[in-house]
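Colleague: Here the sequence shown stands for residues 1 to 364, numbered as in our numbering.
Rather than coming from a laboratory, the hints here were simulated on the basis of the structure. Being a predicted model, the structure only gives us computed values, none of them experimental. Mixed in with the good hints there might be a few duds.
[To be verified] Quick list of simulated restraints, FRET-style, between CB atoms:
hint: 1; residue 1: 96; residue 2: 145; range: 50 to 58 Å
hint: 2; residue 1: 43; residue 2: 256; range: 25 to 33 Å
hint: 3; residue 1: 47; residue 2: 90; range: 19 to 27 Å
Yeah, the Cβ is synthetic: ideal placement off N, Cα and C, and Gly gets one too.
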Amino acid sequence: MTRRYRVGLAALSIVVACTTPGDVGDPGPIAMSVVSGDGQQGRPGEELPDPLVARVENSRGRPVIGQIVNFRVVSGGGSVFAGAAISNRDGLVSERWTLGFADSQRVEARAVDPATGEPLTFAVFTATLNDSVPPGGDSIPPITSNVHASPNPAHPTDSVAITALVSDSFTGHSTIAGAEVLLDSVLLQAMLPQDGSFDQQNEGVTRTFVGLALGGHFACVRGRDSAGNVGAFSCTSFTITNGGGGGDTLGPVTLNVTATHDSSAGDSTLIRAEVRDTFTGGSNIAGAEMRVDSGGFVAMFPTDGAFDQQNERVNRLVVGLAAGSHTVCVRGSDTAGNTGDETCIGFSVAAATREVPQRARRQR
């Protein structure tokens with residue numbers, strides 16, 4: 001066997017070894033399976049002990065590298081830590097889950113097909129609540145959730161109703177004794193039970209404000225149970241505006257734009273940003289788009305899987321950028337039809353390094 005043949009065979013072995021575990025962009029439909037984290041049990045408002053882990057595969061059962069997967073809470077009122085993950089060289093993605101306070105707890109792992117834009121639901125995780133009463137009696141305060149301001153946005157002449165749900169069903173089983181609202185961190189006032197009396201473990205509460213100043217406001221609500229425990233504040237924001245006959249005429253604000261290099265996804269760059277309309281009209285975010293350098297705008301994807309809130313985190317994976325300096329600009333639009341200003345950052349793409357095989361180096 002000649003030296004040239006041996007060197008060629010070694011190079012071929014290296015190529016095969018690099019492509020066998022899983023290739024970026026393998027053809028065929030992709031699928032996902034739950035690896036671990038399903039069926040856990042925990043207390044409301046607490047993070048589960050084990051992460052949610054799933055595996056992305058192509059039609060040949062090989063791991064898919066670099067696939068963005070969004071984790072979305074679809075029932076239970078809980079939350080996830082990051083909201084999105086990129087599959088590693090083994091096709092694995094993971095996320096942390098904090099449980100909510102409703103009976104049905106469910107998280108779905110979702111993705112958007114990069115070729116067709118088709119929404120895909122891959123894997124489903126469920127959990128159950130541990131609602132046992134502590135042996136020493138009720139020493140845990142009630143939980144406040146579902147805090148809302150209506151209308152939002154409102155006029156200076158409007159009455160703004162702050163409503164919330166205060167529950168002790170999973171934190172001691174005591175009756176709710178009262179609730180209070182803190183407006184803009186300076187005004188603390190009692191709230192009223194929506195059914196007329198505080199006599200249940202779950203109570204809807206309300207308080208109405210009038211004559212509020214123009215601009216953004218915060219309302220924070222907390223509850224107290226009959227065992228004397230006072231819960232933590234849960235907050236919402238709302239806007240008082242006099243523009244457009246009460247409608248939203250301001251575009252959303254884009255901030256926290258980042259560009260992160262990801263060598264595990266084929267030397268790609270993940271663009272992330274936050275789009276907010278809380279203080280510029282109070283409409284839900286309808287979409288976001290980005291452009292790199294002098295290119296055209298392309299759509300970005302919601303990190304939590306859907307555009308349905310006043311504040312949204314968005315992302316998009318960019319591949320094939322040349323080495324050197326680049327600029328990315330992101331802007332958002334809201335459901336009232338307003339498009340916000342671009343927010344731009346600069347970033348760099350390093351030149352790819354190529355390792356020379358050992359035998360080839362000795363030959364030179």
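Colleague: All the hints need checking, so say for each whether the structure fits it.
Modeller: Hint by hint, here is what the structure shows:
{"no.": "1", "hint": "96 x 145: 50 to 58 Å", "result": "20 Å, violated"}
{"no.": "2", "hint": "43 x 256: 25 to 33 Å", "result": "32 Å, holds"}
{"no.": "3", "hint": "47 x 90: 19 to 27 Å", "result": "24 Å, holds"}
This entry does not satisfy hint 1, going by the numbered hints stated previously; all others are met.
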